[in-house]
Amino acid sequence: MEGFSPYYDAIILGTGLKECLLSGLLSVSGYKVLHIDKNSYYGAESASLNIQQLYQQFRPGMEPPKRFGATTREWKQWNIDLFPKFVLSAGALVSTLVHTNTTHYLNFKVIDGSYVYSPAKGGCIHRVPATVKEAIASKLMKFGEKRRMASLLELIQKECDPEQPSTRDLTGLTMKELFAEFSLQESTQDFIGHAMGLWRDDSYLERPAKETCDRIFLYARSLAKFGSSPYIYPEYGLGELPQGFSRLASVFGGVYMIRIDVQELLYNEDGTFRGIRAKNDEDIEFEAYAKWCIGAPSYFPREMTKVSHSVARAVCILDKPIAGSDYSKSQKDKDKKKNPKHRLSSLPGFFPSCQIIIPQKTVHRRHDVYVSGMGTYYKSCPPNFMLGYVSTTVETDSPRDELKPGLELLNKSGGLIDSFETVNEILVGADGIEKKSVWITSSYDETSHFETSISEVMELFEKITGEKVDLSKPPSDPQDIVKLVEARNKYLLELYGSLEAGERKETEEDGEKEIKEVAEEIDQM
Amino acid sequence: MPKRILKIIVLGNASVGKTSLMTQYVNRKFSIQYKATIGADFMSTEAVIDDDRITLHIWDTAGQERFQSLGASFYRGADACVLVYDITSARSLTSLDVWRDEFLVHTGGKEETFPFIVIGNKCDKEEERTVEKERAELWCKSKRGKPIEHFECSAKTGQNVHEAFLHVTKLALEQDTSDAQEVFIPEHIDVDHDTKPDQGGCGC
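Each protein sequence line maps, in turn, to chains A and B.
The opening residue of the first sequence carries number 1 in the UniProt record's numbering; numbering runs sequentially from there.
The opening residue of the second sequence carries number 1 in the UniProt record's numbering; numbering runs sequentially from there.
Any given hint could turn out to be false.
[Unchecked claim] Computed cross-link-like contacts, BS3-like style, restricted to lysine-lysine with a CA-CA straight-line distance of at most 25 Å: (1) B:Lys156 x A:Lys483; (2) B:Lys110 x A:Lys76; (3) B:Lys110 x B:Lys7; (4) B:Lys7 x A:Lys76; (5) A:Lys513 x A:Lys435; (6) A:Lys412 x A:Lys463; (7) A:Lys468 x A:Lys210; (8) B:Lys170 x B:Lys29; (9) A:Lys435 x A:Lys139; (10) B:Lys141 x A:Lys66; (11) B:Lys133 x B:Lys170; (12) A:Lys146 x A:Lys361; (13) A:Lys158 x A:Lys76; (14) A:Lys483 x B:Lys29; (15) A:Lys341 x A:Lys320.
[What the hints assert, rightly or not] Sample of chain B residues lacking proximity to chain A, with all beta carbon distances greater than 10 Å (derived): (16) Val26; (17) Asp50; (18) Asp51; (19) Gln64; (20) Arg76; (21) Glu127; (22) Glu174.
Since the hints were made in silico from the structure, they are not lab data.
Where a beta carbon is used, it is the ideal one built from N, C-alpha and C, also for glycine.
Generate coordinates for the entire structure from the input sequences, incorporating the hints supplied.
Here it is as structure tokens:
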């Protein structure tokens, strides 16, 4: 292949969000990356599919009904996520996007509301209060309880803010003990732990209170950032996120190849990763070599992965808004000042978006059920439609039934037209594979946000390179990195060129030293 | 009212001189040494057309075209497209069909009306020419709709580069006013800054 260099620091398999973020972070740090995907599109499992692709995947041989669109152009108005998640606006993903300037490639919009389900009065949804003021105004609790909850929130605001001096050690007691201190009722505890702390089950009660308090603080900080809700979402779907990071990696010298069939993983005699043998869509075979291999589970043999647990999910198409959801007060206030033609809340065919948590106990489960909905405002679907998502951790032998509380909530307004259900095993890398210099990213979990995904990537980055990702540093300038990339290329060529002569170790040490010097030079510029 | 920021995409085979053309247009600079693109993202510049100041964001492929691996998000919201071939490479001209088709598939733009221009780069290398001007013009006329405007340029000397980019900007502006959006879609948020959107601005 013309212009293809076979030597890299890392070969990355699969262009899901985690792989692309790793590839971006490695490239920004000056490592040379080859990034490969077997599909003709970016995103792997975290891609956003159009309606035709969705049918292809779930109902092969069937065309989407005419009302969803009849031409390629109309089908492309749909951007459907297979792994529903939102972005916490003060969370780690946003810091990473800002740190790397990847925000240039994406447009974000705020989600209209974050709700919690309550079984009272035949079942309805309530906005999640996260600030003292909102807690007082909420109809979710009685007055005395509201005051007790407000005092807990006040304590959290004070103790978890890194800019304020800490006056109390919250690691020494469990969350259960902290709740008891404020004499909060069980229903309020559930609400705080699940709807604000975003825990999926009750194990947090026995863990240090600090963990939960930090999560509530993150929730409140996210909410304060853009109003309406703590969540933001990229236009055209979550599939834009991996593409943003892949572009970042490319700008910093990463090499991208999609439509590639990886035929064999190659190993050295000592069992460590050596490279890959692969074929492109023109049937041209090639090999590429690297020190490290990172990839999604589907690129590795089954014995290199293990099952952690299973997740049930449903992607739904709706033609009515979700019952009880609405635009936020701040949005409505803003709308009042506007020309009627420009009001978000009166645009025809636009439905308010939302995130709803169904706490486990309210539906007699051990794990929460997550529900969300978004429409044409996010370019997720054409006007007058809405995408609904339900997901939960599998607890029984009939996982599809476990989605029912969520599906019923989506259909309360009678707008549920169709649903596509899946049950996925969450795969993680088997123990000890890092000895082979191979790292496997885990499948996407059922959390409603990306915090777990990002911390996994940051941990992997540190394990692989021995360096920590420093998000406090200003973003690197790609022009500065050119020199580093060139030094790296030269070193890799020398390293692999000398393999047969048995001088690998020497060159490796010399090369690393040389590259460090170039990196320091750049830092001083 | 036409929008003030236009996104222009530069497409074509590897090593036809896409990054060099952009650099020549924006910075009036040229480097003789060829390097596969590293470090080029998008360039921002201003153009004045009929006394209006227009901000242009000119997007490079960032090297993802080398193995035909550009993703859908690269094409989003493009207002115009510059197709580049090299007058010393006949294959780079025939590849324009692939690039144009891929662009139209991803953007959903109408092939009869979407603003394209074609640049034949490296016209300073007359003695190595393998693509006659007539042949490229024929290609431009063979497409549906109005013939695509064709410019022979040199990123090295700067010949015709300015004219070509100015022309594509005009085309994009015309398109922008004729295809004006009927519904107003509220602005997206600025995640780089901590301001609540409802605190700033006059809300109009």
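Hint check:
no.	hint	verdict
1	B:Lys156 x A:Lys483	holds, 23 Å
2	B:Lys110 x A:Lys76	holds, 14 Å
3	B:Lys110 x B:Lys7	holds, 17 Å
4	B:Lys7 x A:Lys76	holds, 20 Å
5	A:Lys513 x A:Lys435	holds, 24 Å
6	A:Lys412 x A:Lys463	violated, 47 Å
7	A:Lys468 x A:Lys210	holds, 23 Å
8	B:Lys170 x B:Lys29	holds, 24 Å
9	A:Lys435 x A:Lys139	violated, 55 Å
10	B:Lys141 x A:Lys66	violated, 36 Å
11	B:Lys133 x B:Lys170	holds, 23 Å
12	A:Lys146 x A:Lys361	holds, 21 Å
13	A:Lys158 x A:Lys76	violated, 47 Å
14	A:Lys483 x B:Lys29	holds, 19 Å
15	A:Lys341 x A:Lys320	holds, 21 Å
16	Val26	holds, 14 Å
17	Asp50	holds, 27 Å
18	Asp51	holds, 28 Å
19	Gln64	violated, 5 Å
20	Arg76	violated, 7 Å
21	Glu127	holds, 24 Å
22	Glu174	holds, 22 Å
Hints 6, 9, 10, 13, 19 and 20 from the earlier list are contradicted by this structure; the remaining hints agree with it.
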